[in-house]
Amino acid sequence: MLRALAITIGALVILALAVVAIGVGVRSLMTPVVDGIHHRKGQDFALIERGRYLTAVADCASCHTIPGEGRPFAGGRRIETPFGFVAAANITPDAETGIGTWTDRQFDAAVRQGERRDGKPLYPAMPFPYYSRMSREDVLAIRAYLDTVAPVRNPVTSDLLPFPLSIRAGMLAWDALYFRPGEFRPDDTKSPEWNRGAYLVEGPGHCGACHTPKTWLGGDENAQKLRGSVIQGWFAPNITNDSTRGLGRWSPDDIVEYLRDGHNRLSAATGPMAEEIALSSSHMTDADLYAIAAYLKDQRGGSEATPPARSEDAAMAAGGAIYRDVCSACHTPDGRGVPYLFPALAASPSVRSRDPTTLIRIVLRGARSVATVREPTGPGMPAFGWQLDDSEVAAVLTYIRNSWGVAAAPVTAEEVHTARTRLAARSE
Amino acid sequence: MRLHRRDLLASTAVLFGGITAHASIVSGALPWQPSAGTPPEPARPGPWLFFTNEEAAAIEAIADRIIPPDPQTPGGKDAGCAVFIDRQLAGPYGRQEGLYTAAPFHKGKKEQGPQSDAGPAEQYRKALAALDRYCRANRNNRAFADLSDAEKDDILAGLESSRIALEGTNGKEFFEAILKDVQQGFFADPLYGGNRDMVAWKMIGYPGARYDYRDWVSRHNERFPLPPVSIMGRPGWMPGKA
Chain G
1 MLRALAITIG
11 ALVILALAVV
21 AIGVGVRSLM
31 TPVVDGIHHR
41 KGQDFALIER
51 GRYLTAVADC
61 ASCHTIPGEG
71 RPFAGGRRIE
81 TPFGFVAAAN
91 ITPDAETGIG
101 TWTDRQFDAA
111 VRQGERRDGK
121 PLYPAMPFPY
131 YSRMSREDVL
141 AIRAYLDTVA
151 PVRNPVTSDL
161 LPFPLSIRAG
171 MLAWDALYFR
181 PGEFRPDDTK
191 SPEWNRGAYL
201 VEGPGHCGAC
211 HTPKTWLGGD
221 ENAQKLRGSV
231 IQGWFAPNIT
241 NDSTRGLGRW
251 SPDDIVEYLR
261 DGHNRLSAAT
271 GPMAEEIALS
281 SSHMTDADLY
291 AIAAYLKDQR
301 GGSEATPPAR
311 SEDAAMAAGG
321 AIYRDVCSAC
331 HTPDGRGVPY
341 LFPALAASPS
351 VRSRDPTTLI
361 RIVLRGARSV
371 ATVREPTGPG
381 MPAFGWQLDD
391 SEVAAVLTYI
401 RNSWGVAAAP
411 VTAEEVHTAR
421 TRLAARSE
Chain Z
1 MRLHRRDLLA
11 STAVLFGGIT
21 AHASIVSGAL
31 PWQPSAGTPP
41 EPARPGPWLF
51 FTNEEAAAIE
61 AIADRIIPPD
71 PQTPGGKDAG
81 CAVFIDRQLA
91 GPYGRQEGLY
101 TAAPFHKGKK
111 EQGPQSDAGP
121 AEQYRKALAA
131 LDRYCRANRN
141 NRAFADLSDA
151 EKDDILAGLE
161 SSRIALEGTN
171 GKEFFEAILK
181 DVQQGFFADP
191 LYGGNRDMVA
201 WKMIGYPGAR
211 YDYRDWVSRH
221 NERFPLPPVS
231 IMGRPGWMPG
241 KA
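Line by line, the protein sequences give chains G and Z. At position 228 of the first sequence (counting the first as 1) the number is 228 in the working numbering, and the numbers step up by one without a gap. At position 52 of the second sequence (counting the first as 1) the number is 52 in the working numbering, and the numbers step up by one without a gap.
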């Protein structure tokens, strides 16, 4: 981990020096932002309401509000990145510590170009590469809504990254490599619903921020779009239409229910996705959610190599015994679970994802599903880390990944051991 | 003083009117923490934690008379009953943690529980010492563990019927305590040191810490095929040992 970070930092320095000129050039070539001072629309309710909706769609609160503090958008939440922590800014209209004195142009430049008011680049922990797809009108609607929230005086020190990542100019090189600015352009060969979905997924919804695999510098592997990635100690699963590891066996209704209610007949949301649902997609209209489903169902899953189904070996036999004794009471012996209550492991893309990070975490520490208006129970799974040792966790996960007619790579006791050690340092 | 109906109603109204009811709406989800709960701590194998070697020998001898070994099932000693009692007496149970143990002490009824500041650990220690004195005084200076089975049974029966009195302690109460504790050690989860390899559960056909028998609700007069499972698992859980 340390070695990887050292390599990352070293390479980033070289890139920063070598490409900074190009980076500056790219910045100057970016879509020009229409100049203009910030006009307070004041009582334009329709605009403010649209902005409120888009603020939920863009999930601004996820980073800019510390949960449970009662100070919406006051910033200060520490956002974990593979390179260190970044603190989210105060985006309340406070004149001194928020964005109260920013012009619309400055706000738009921050959201869509990743440029701070002082001209320095933002770290892409702020998902401006996605927000860049949004229309200026939508961005300014968000601005209009943020103008209406209570101003909070809360100075935030956002520079928490270690040297040399602390040199923001280095991000110009990153931008040159990974930032492709520009508004979303509809595809005329697709339906309006598909295009709306594409706009939401690629723009404000910024699904790829978690679900698209990252390069070693944290940029999107665009060839692998939405095919799953490790983030903050979880694996955000493949959400393409892949029939084994993605949403191929989910109907559009399944996707809509999951995003709106956190639960469907097959699955339940936990971890960062539970937070996303609570703050963002549960507030979206059904029409927008069906649009997202239409777009996701049209994403090719690629051809992930599926390992051959495992024969009856020692891990499968032990895993089967553990599953029968411990797991089957809720998830049922045939892996079909109980709709809207206990996930169907036999039909879960997460269970068969190429990376077992989420599975190991849930077995070791338990999990809590999200409680929403339509599914208010929020059932949880207890922790089994005290009861199952590393080889037993590995065996039962290998079993559920290779039962009920599908196959995935086995989980090793070493992987479980590493995860157990790392999880010990995480609060939640 | 005469109480008028009107006064009563009025004062009642004042009384209840003065209490403001506070209702609150719980919304969202209940609090949740990862790795929550207080899992049981498995008894570790190793030396005695409470008993001396001599005390342990006496307990093991008693356990083997209460549950004698037979060709199918080990007795109380080999099942680990003494280990179970040892770990219990060394832990919170032996120290009477959570119980009110201050004076005054009155002789109570049986249903009122122990009325003494001496917890189970102290009472075991006193009783075992008294038993040892009794055996050495009356059985040719031998310890309880060195007696023949018939002699052991005679003494245990004597304690149970109060025919034999122990010096400075109540022999009948001691017998009742150890009878109960040996049974608990024999049938409790192996996690706690007794019921080694789930021998007691295998003997009576108890399938252990399982919690789903929906498949079996309607299958009468059929033997449940799965082996017993302890809280900490069973041999079949270990890859390569199924």
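Calculated directly from the structure, the hints in this document are not laboratory data. Every value quoted in this text rests on a predicted model; they were computed, and no experiment measured them. Incorrect hints may have been included.
[Stated by the list, open to error] So the derived label-pair ranges between C-beta atoms look like this:
id, chain 1, residue 1, chain 2, residue 2, range
1, Z, L49, G, T418, 49 to 57 Å
2, G, Q232, Z, S218, 41 to 49 Å
3, Z, R214, G, A424, 32 to 40 Å
4, G, L341, Z, D215, 36 to 44 Å
5, Z, R214, G, T285, 36 to 44 Å
6, Z, Y100, G, Q232, 22 to 30 Å
[Said to hold, decoys possible] Stretches of chain Z that chain G covers, calculated by requiring three or more beta carbons in the stretch to come under 8 Å of a beta carbon on chain G:
id, region
7, 36-48
8, 118-128
9, 223-237
C-beta: ideal position from N, C-alpha, C; glycine also.
Hint check:
1. Checking the proposed 49 to 57 Å range against L49(Z) and T418(G) shows it is violated: the Cβ atoms sit about 34 Å from each other.
2. At roughly 47 Å, the beta-carbon separation of Q232(G) and S218(Z) lies within the given 41 to 49 Å, and the hint holds.
3. For the pair R214(Z) and A424(G), the supplied restraint of 32 to 40 Å holds, since their beta-carbon distance comes to about 36 Å.
4. A hinted range of 36 to 44 Å is violated for the C-beta pair L341(G) and D215(Z), which are about 19 Å apart.
5. Evaluation of the 36 to 44 Å hint for R214(Z) and T285(G) yields a pass: the beta carbon distance comes to about 40 Å.
6. With their beta carbons about 48 Å apart, Y100(Z) and Q232(G) fall outside the hinted range of 22 to 30 Å.
7. Counting residues of the region 36-48 of chain Z whose C-beta sits closer than 8 Å to any C-beta of chain G gives 3, which meets the bar of three, so the coverage hint holds.
8. Proximity of the region 118-128 of chain Z to chain G, defined as three or more residues with a beta carbon under 8 Å from a beta carbon of that chain, is not established by the 0 residues found.
9. Taking a C-beta to C-beta cut-off of 8 Å, the region 223-237 of chain Z contributes 8 residues in contact with chain G, enough for the three needed, and the coverage statement holds.
Figure legend: structure checked against the earlier numbered hints; hints not met, in rising order: 1, 4, 6 and 8.
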